[in-house]
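Participant: Here is what each chain is made of, one letter per residue.
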Amino acid sequence: MDILTTAVQAFLNGIFEGSVYAILGLGLTLMFGVMRILNLASGALVISAAFLSYWLLQLLGIDPYLSIPIVLVSFFALGICIAKGVVEVSMSSPQYQIVGTVMVTYGLALLIENIEVIAWKANYRALTPPAYLPTSISIAGVMINTIRLSSLIITVAVAVGFTFLLKTRFGTAMRACTQNREMAGVMGVNYQSISAITFGIAAALGGIAGVLYGLTELVNPYSGMMLTIKGLTVAVLGGLGSFYGALLAGFVLGLAESFGVLFVSAAYKDLIGFVILIVILLLSPGGLSRKEFYTPT
Amino acid sequence: MSSEKKITRRTYLKYAAGAVAVAAVGGGAYYAGLGQAPPTTTPAMTTSAITTPITTTIPTNAGLTGKPIVIGGSLPLSGAGAYDGERGLQGFKIAVQKINEDGGVLGRPLKLVMRDDGGSEDRVSSVTETLITQDKADFLTGSYGAGSTYAALVVAKKYGKLMTGSLVAGRSCFTDFKGNIVSVHASADYESDWYIPFTDMMDAFSQWSTGGAKPKTIAIIHANIMWNHDVHDHWIPILEDRGYKIVMEDYLDMMTTDFRPALTKAKSLNPDIIVGGTWFFMSVLTMKQMVELGFYPPAIFLADGSDFSFVDPSAGVGPQGNGVFFTEPYPGSSIPELRGRDGDYLEEQYKLAMNRSADYFSGVCFSAVQVLAQAIEAAGTVDTDAVRQALFTKEFNTAIWSRTVFNEFGVQKYFKPLAAQWQDNKKEIVWPSDYATAKPIYPYVPVK
Numbered sequence: 001m002d003i004l005t006t007a008v009q010a011f012l013n014g015i016f017e018g019s020v021y022a023i024l025g026l027g028l029t030l031m032f033g034v035m036r037i038l039n040l041a042s043g044a045l046v047i048s049a050a051f052l053s054y055w056l057l058q059l060l061g062i063d064p065y066l067s068i069p070i071v072l073v074s075f076f077a078l079g080i081c082i083a084k085g086v087v088e089v090s091m092s093s094p095q096y097q098i099v100g101t102v103m104v105t106y107g108l109a110l111l112i113e114n115i116e117v118i119a120w121k122a123n124y125r126a127l128t129p130p131a132y133l134p135t136s137i138s139i140a141g142v143m144i145n146t147i148r149l150s151s152l153i154i155t156v157a158v159a160v161g162f163t164f165l166l167k168t169r170f171g172t173a174m175r176a177c178t179q180n181r182e183m184a185g186v187m188g189v190n191y192q193s194i195s196a197i198t199f200g201i202a203a204a205l206g207g208i209a210g211v212l213y214g215l216t217e218l219v220n221p222y223s224g225m226m227l228t229i230k231g232l233t234v235a236v237l238g239g240l241g242s243f244y245g246a247l248l249a250g251f252v253l254g255l256a257e258s259f260g261v262l263f264v265s266a267a268y269k270d271l272i273g274f275v276i277l278i279v280i281l282l283l284s285p286g287g288l289s290r291k292e293f294y295t296p297t
Numbered sequence: 001m002s003s004e005k006k007i008t009r010r011t012y013l014k015y016a017a018g019a020v021a022v023a024a025v026g027g028g029a030y031y032a033g034l035g036q037a038p039p040t041t042t043p044a045m046t047t048s049a050i051t052t053p054i055t056t057t058i059p060t061n062a063g064l065t066g067k068p069i070v071i072g073g074s075l076p077l078s079g080a081g082a083y084d085g086e087r088g089l090q091g092f093k094i095a096v097q098k099i100n101e102d103g104g105v106l107g108r109p110l111k112l113v114m115r116d117d118g119g120s121e122d123r124v125s126s127v128t129e130t131l132i133t134q135d136k137a138d139f140l141t142g143s144y145g146a147g148s149t150y151a152a153l154v155v156a157k158k159y160g161k162l163m164t165g166s167l168v169a170g171r172s173c174f175t176d177f178k179g180n181i182v183s184v185h186a187s188a189d190y191e192s193d194w195y196i197p198f199t200d201m202m203d204a205f206s207q208w209s210t211g212g213a214k215p216k217t218i219a220i221i222h223a224n225i226m227w228n229h230d231v232h233d234h235w236i237p238i239l240e241d242r243g244y245k246i247v248m249e250d251y252l253d254m255m256t257t258d259f260r261p262a263l264t265k266a267k268s269l270n271p272d273i274i275v276g277g278t279w280f281f282m283s284v285l286t287m288k289q290m291v292e293l294g295f296y297p298p299a300i301f302l303a304d305g306s307d308f309s310f311v312d313p314s315a316g317v318g319p320q321g322n323g324v325f326f327t328e329p330y331p332g333s334s335i336p337e338l339r340g341r342d343g344d345y346l347e348e349q350y351k352l353a354m355n356r357s358a359d360y361f362s363g364v365c366f367s368a369v370q371v372l373a374q375a376i377e378a379a380g381t382v383d384t385d386a387v388r389q390a391l392f393t394k395e396f397n398t399a400i401w402s403r404t405v406f407n408e409f410g411v412q413k414y415f416k417p418l419a420a421q422w423q424d425n426k427k428e429i430v431w432p433s434d435y436a437t438a439k440p441i442y443p444y445v446p447v448k
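Line order of the protein sequences matches chains A and B. Read in order, the letters of the first sequence are residues 1 to 297 in our numbering. Read in order, the letters of the second sequence are residues 1 to 448 in our numbering.
Hint data in this document are derived by calculation from the structure and do not stem from the laboratory. Ideal Cβ placement from N, Cα and C applies to all residues, glycine included. Take every hint as true, because none was put in to throw you off.
If we take Cβ atoms under 8 Å as the criterion, some of the chain B residues that face chain A in the derived model are:
id, residue
1, L252
2, D253
3, G294
If we strip away everything but chain A, and leave its shape as in the complex, we get (with noise of 0.2 Å):
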């Protein structure tokens, strides 16, 4: 393979990789930029969604693909349940919030991978992709696997989607939410609803990832803290709260791990993600969308 070719997939690859990255990264953002809360579960709600697509093909031959709009409004209806249930609760005294949603969130994640431990073994699983769509298309000696390919769509899919949400009332609420919170409900927006909806449409997404995570790699019930930390390291370098921050930062991450692998080594690709991280915050503290954190008074 010639070097322009190794560089174009690895261009590739760092794409691909990256559109799942945002995914992760976009619900933890949205989270944090309306309930101001960083939720240590998303990882395992993404890899609960895996499951829950594995048991939708196994026990009912349902195209992993097709699974994605049940996933999606069973997660939405989960995030909802978990944000009045468990995330409301945590953060009813102030001057614990912070501390109290990141140890609840993180019980809850403990609490998801037993409950897959139980019900799917600790087995890795993945999902079996539709054998309508060839593994790879080959391009010019440039591999382009079809699954990571509808991973990207499904991700630009959902920035699209994301673009028009915002511009509507309930985005515009969300959108105020994020910026000042107390001035949002003097306006009267109720915060607790848009909060919920917004963990839902979080666990939403991660659900989506959760599907696509499961197509491409192999899910184990302890793979979730991993992703928890991937997608952290998305919405801080994308700048906390800022959407396409976010979006942006899931590719720039994956590019860096792609060139870094190439150039560099394989046991250094965590790492040359987080040099990443750390230069962007020292250049932006506000990461790459030089988003200010706002502080609610």
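Dock chain B against chain A, hints included.
Facilitator: Chain B alone, transformed into the frame defined by chain A:
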């Protein structure tokens, strides 16, 4: 709007009712059959052995008298290593069952006490302490991996206990605890023997090939763990002596699941052989992602390619695994005549328990108990020093190696694996030719 909200009794009751409703729905769905896990090749693991150990029952009809000899050990029965831990546990259980059926050791029954360490070294330490102080283990066995075994050995040495290791490989376990451990599994220095049959096969290319160029270049992509570094320190000079060129030697983080950047780099170097796949999941992902990238070197050698789970393609690679070379560290699994003592019994009982043939993990665990039992018999006593003397001076016959002898560090001297290759969805022994069931296929041209 104030963010302070007092939780009233009404709110608590509302949430509690919600939780009960969810639990009722979930429980109802489970018992209605919606909670059935999909078919799996391994049985359900419902016992949490962290607080409650798994113990074997002592048969009442075997005429066994006297206080049981307790063998304690830990394995990852939960966590990412549970897949291997479960296989090892079956090996231990079947060995104890067989020995008790045959009259025990010195007329006394064996009792196995196995605890879950979750693959965590911190937990191994506390679990081993519990095995010795509460479960009153006379001897130890297990663990899984160098780190866990080292942690167990620290505690074992403190209490003066002997360990017959099963899946320990790190060199330091043997050097730092000389005299406290023997292992049926080879250490990292000798672990390079893992790759030697494959290397010998490639060297003898002209003897089995029908033409074409002999492989020359090798790319290595392995997990970034001590075991691999130790092995490569030993194996790479051997390869270079034999005229091979290592074009890439790279290591992946243990938690990584995206190998494509490293595989893309390897593909650009156009190697004849790619070596990788430290564990089962890494082997599967390596294969899958090589197919994604259209990367088909003439030979692929995966360290843990012996269990591609063709039966369960949702976790394995299915027919895409054909052509892969790997080491068959348990020759008896493919060639019954090479099984050692009670190898047939292991195979039969393992199939009953797990619905599949016995593999290396179950074999080494089975053999670890056999070695201990034979050493106690040879010593004529359960006295630790006498058993130690027997372990380091006698020769043993185990299921996995009919000839098992330990060197001064406790390493099995006669580790003689075979080279194998997946062909037509079947495991074929391809080297040495004395035991070959098929000729190696090189280069392997996959059906895309």
